[in-house]
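*Asks:* Chains X and Z are the protein sequences, given in the same order. Residue numbers for the first sequence follow the numbering used here, so the first one is 1 and each next one is one higher. Residue numbers for the second sequence follow the numbering used here, so the first one is 1 and each next one is one higher.
Be aware that one or more of the hints could be misleading.
Pairs involving identical chains hold if they fit within one copy or between any two copies, as the list cannot separate such chains.
[As the list claims (entries may be wrong)] Each computed DSS-like pair below joins lysine-lysine, with the alpha-carbon atoms no more than 30 Å apart: (1) Lys26 with Lys125; (2) Lys11 with Lys59; (3) Lys125 with Lys59; (4) Lys11 with Lys125.
Calculated directly from the structure, the hints in this document are not laboratory data. Just so you know, these numbers come straight off a predicted model, no measurement behind them.
Protein chains: 2
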Amino acid sequence: MSDTDFTQAVKWNSDGLVPAIAQDFKTGRVLMMAWMNAESLRLTAAEGRAVYWSRSRGKLWRKGETSGHVQQVREIRLDCDGDTLVLVVEQLGGIACHTGRTSCFYRVLTDGEWQTNQPVIADPKEIYRADG
Amino acid sequence: MSDTDFTQAVKWNSDGLVPAIAQDFKTGRVLMMAWMNAESLRLTAAEGRAVYWSRSRGKLWRKGETSGHVQQVREIRLDCDGDTLVLVVEQLGGIACHTGRTSCFYRVLTDGEWQTNQPVIADPKEIYRADG
């Protein structure tokens, strides 16, 4: 098969995107959710690192391009409906979130309120510029 | 705070929905991704079981209502942008996917092709009717 064929099994939404869930291969922690188009999925597979589509910037987003917090991709999974991806990744630097935390899902619903239960590992001002 | 306040921290999309990722609390496996509106999130928190919004059916979807494969919710997490949820769940019956598999993400990209690498645990015809 050609390199591009596998993207045809994906049911892209009306914007040509699907959600991509990044999961840490060691801890199993869900790190973040971002969006991919066909080109970013192809590049992710070809380069072995997570390349998303930034909806806010309207362009490809090589995760870690400014922070160094690259996601090395161990596995790419597709769900039964073909409309959601899971990337099993090694998160370089141990920080996926632009807030400087391991995971973006750092708020837990507790007694009707969202409580933060993950520390900031590194000051985002020091480690990030435009990249999340 | 009232029971409804926590839904105001969520940035619902133009359809009033956000993606909700269900993760197995024991194995860490990502089981599925579905959608929630504010009402389904409130019900999920109140009932302690996953209640999604079915986009195809245009109504609330109490996961497991026909199959018995209820997701008991241990934890509800919100991401930094407030636009994606993670549910940490106990998956009753060990089957989240309407195909009769543990997880919906049973296809893995291998040499440019999607390879199925999870067995069907139970025949969906036997265990499911309308529910996925």
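*Asks:* All hints are to be evaluated individually against the structure, with a verdict given for each.
*Replies:* Tested hints:
1. Lys26 with Lys125: within (27 Å within a copy, 35 Å between copies)
2. Lys11 with Lys59: both (20 Å within a copy, 22 Å between copies)
3. Lys125 with Lys59: within (23 Å within a copy, 43 Å between copies)
4. Lys11 with Lys125: Between copies, since 25 Å is at most 30 Å while 37 Å is not.
Checked against the numbered hints listed earlier, the structure breaks none of them; every hint is satisfied.
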